[in-house]
Amino acid sequence: MKIVVCVKQVPDTTEVKLDPVTNTLIRDGVPSIINPDDKAGIEAALQLKEKLNDGSTVTIVSMGPPQADVALREALAMGADEAYLLSDRAFGGSDTFATSTIIAAGLKKIGFDLVITGRQAIDGDTAQVGPQIAEHLGIPQVSYAEDVQIENGDTVVVKRQFEDRYHILEMKLPCLLTALAELAEPRYMSVGGCFDAYREKEVKVLGFEDLKDMFNPEHIGLKGSPTNVFKSFTKQAKGAGTVYKDISAEDAVATIVAKLEERHII
Amino acid sequence: MDFRLSKEHQLLQEMYRKFAENEVKPLAEEVDEEERVPYETVEKLKRYGMLGIPFPKEYGGQGGDVLAYVMCVEEMAKVCGTTSVIISAHTSLCATPIYEFGTEEQKQKYLVPLAKGEKIGAFGLTEPGAGTDAAGQQTKAVLEGDHYVLNGSKIFITNAGFADIFIIFAMTDKSKGTRGISAFIVEKDFPGFSVGKHEKKMGIKGSSTCELIMENCIVPKENLLGQEGKGFGIAMKTLDGGRIGIASQALGIGEGALDETIKYVKERKQFGKRISQFQNTQFEIASMKADLDAAQLLVYRAACAKQNKEPYGHMAAMAKLFAANTASDVTRRCVQLHGGYGYTREYPIERMMRDAKITEIYEGTSEVQKMVIASYLKVN
Chain A
1 MKIVVCVKQV
11 PDTTEVKLDP
21 VTNTLIRDGV
31 PSIINPDDKA
41 GIEAALQLKE
51 KLNDGSTVTI
61 VSMGPPQADV
71 ALREALAMGA
81 DEAYLLSDRA
91 FGGSDTFATS
101 TIIAAGLKKI
111 GFDLVITGRQ
121 AIDGDTAQVG
131 PQIAEHLGIP
141 QVSYAEDVQI
151 ENGDTVVVKR
161 QFEDRYHILE
171 MKLPCLLTAL
181 AELAEPRYMS
191 VGGCFDAYRE
201 KEVKVLGFED
211 LKDMFNPEHI
221 GLKGSPTNVF
231 KSFTKQAKGA
241 GTVYKDISAE
251 DAVATIVAKL
261 EERHII
Chain B
1 MDFRLSKEHQ
11 LLQEMYRKFA
21 ENEVKPLAEE
31 VDEEERVPYE
41 TVEKLKRYGM
51 LGIPFPKEYG
61 GQGGDVLAYV
71 MCVEEMAKVC
81 GTTSVIISAH
91 TSLCATPIYE
101 FGTEEQKQKY
111 LVPLAKGEKI
121 GAFGLTEPGA
131 GTDAAGQQTK
141 AVLEGDHYVL
151 NGSKIFITNA
161 GFADIFIIFA
171 MTDKSKGTRG
181 ISAFIVEKDF
191 PGFSVGKHEK
201 KMGIKGSSTC
211 ELIMENCIVP
221 KENLLGQEGK
231 GFGIAMKTLD
241 GGRIGIASQA
251 LGIGEGALDE
261 TIKYVKERKQ
271 FGKRISQFQN
281 TQFEIASMKA
291 DLDAAQLLVY
301 RAACAKQNKE
311 PYGHMAAMAK
321 LFAANTASDV
331 TRRCVQLHGG
341 YGYTREYPIE
351 RMMRDAKITE
361 IYEGTSEVQK
371 MVIASYLKVN
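From first to last, the protein sequence lines are chains A and B. Residues 1 to 266, numbered by the working numbering, are exactly what the first sequence covers, in order. Residues 1 to 380, numbered by the working numbering, are exactly what the second sequence covers, in order.
Among the hints, erroneous ones may be present.
Stated by the list, open to error - Pairs of lysine to any residue, SDA-like flavour, derived with a Cα cap of 20 angstroms:
id : chain 1 : residue 1 : chain 2 : residue 2
1  : B       : 116       : A       : 50
2  : B       : 25        : A       : 57
3  : A       : 201       : B       : 6
4  : B       : 205       : B       : 6
In case anyone wonders, no lab produced these hints; they're calculated from the structure. From a predicted model like this one, the values you see are computed outputs, not experimental measurements.
The task is simple: from the sequences and hints, build the whole structure.
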């Protein structure tokens, strides 16, 4: 089985600070990491490969600038078999629609049986790219995967996290799932893996010319992006809530209703 | 001359740092307090290939190099001196001499499981009467048919309590002095071999340091490492390499102490100021940083020279002399910057000071390093 994991290199938001004057992210000197949900996806793919032990392979795909190479090397050092970087100036400025168009084109070119993406990236939080890729490819998808098993060689059984329950869903290959960080605890790179990532393996770069027959060129890059940013703002920190202790249920209801009315919520 | 790490080494450094921070550091205090071997860490070191870094893949290793190995020891030492010496003694003192002096059969039988981390290695040279004067070996080995019979004891043997494979030195011909010393590969289950007293130490308390006892210990003839009478040379060459490992341990302990201290001085306030605002603090930190970087350059240079098969004994000696001295000096000054808190076991800094001291003593004292360097300069 060819398992393909789509990953994004993102700034480590735990290290990001806001410029107090401009309210924008200070990206200088912030380390780049593999998006955490995507990394769980890599681990899940590696575990599936090890469990299947039938010659299945793990391929990593990322779209991004040349610097994203290091994220792919990390995935190779964790044990992935091959890596592709979809990179071209023409891809710059892509929104989620254009990005998923390009990645879907890349996947068609590379080939796949099971596609795993992270649920969402910590820098954009859209959770759109994975599902859109599945739509472009016309394959079934399950998002928010917390567990995945392969049965009978061609059926993917996914435990999907839902608001108040889990859904157990089956899909036939080829298909796509989006991984939650809970799907798998990522392993470290191994020592030999770090050497292999540079000495034995390569990151293949696919650009516009390689993929142009796989997508409509009008649907990629800044021009092909239908999203318009309406407004961006810095979320204000909420104040601490009010705690009412030792009051009867009746008083509690009255208090809550009064508060909601006071704020014109009801 | 290029002082930048290769991309492979940068990636490795990132991996070592994350591993050390998440897996090794949380146990460091407990391992020291309870004087116990961090077996759970050893298992993880094995999983990620950290017990066979510089050996070729065909011998179960990671296909890495000496620099990758010393960087691993350095990063682990930053957070836990004990963990770093487990790796160093295993790799430098047991797996390496088998790799460098062993027969193909010995490599297949012993190096492969050592490099994979399935077996742990140790090295037995020191005896009660043969420390710096390693030539004064009392342990004897007598060839009887298809095996040697070893009698004697070793002390201060790192990893001894849980190691599977030991490199043991013994006199095969007392009359020939150092040319009568031979090296043997001894398994812990060989008849007549046992582990004795466990030492209680000032630092690296989780490291297992024990006595080894050989009472009519039967060692198959094919377990002679190198030729008979060549053991002293094997011991000295092995220690040349081992010194790079200990130098990187010393370097790491010093760097770890400085990291902790920088964090502390930015938080601690006295006289209404953070103590990092005092010039004394700034000058102390700056001077320690310069010493540590100098130590790092010496350590990395020695590692690269060994990798390139250049003569490196004097470089290893300089690296160890300087790094060990720096580690002791830096950790002591870091305790001073911590003040009273630094003397308590609530902060890791006193542990680092205790751990640092041994690097001036084992695998050749600082005085021995000076002898090696002076001899290299033909000053005698």
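Going through the hints against the structure:
Our distance criterion of 20 angstroms between C-alpha atoms is met by residue 116 of chain B and residue 50 of chain A, whose separation comes to about 19 angstroms. With a C-alpha separation of about 34 angstroms, the suggested pairing of residue 25 of chain B with residue 57 of chain A is violated against the 20 angstroms cut-off. Taking the CA atoms of residue 201 of chain A and residue 6 of chain B, the gap is near 16 angstroms; set against the 20 angstroms cutoff, the hint holds. The straight-line distance between the Cα atoms of residue 205 of chain B and residue 6 of chain B is roughly 35 angstroms, outside the 20 angstroms bound, and the hint therefore fails.
When the structure is compared with the earlier hints, violations turn up for hints 2, 4 and for no others.
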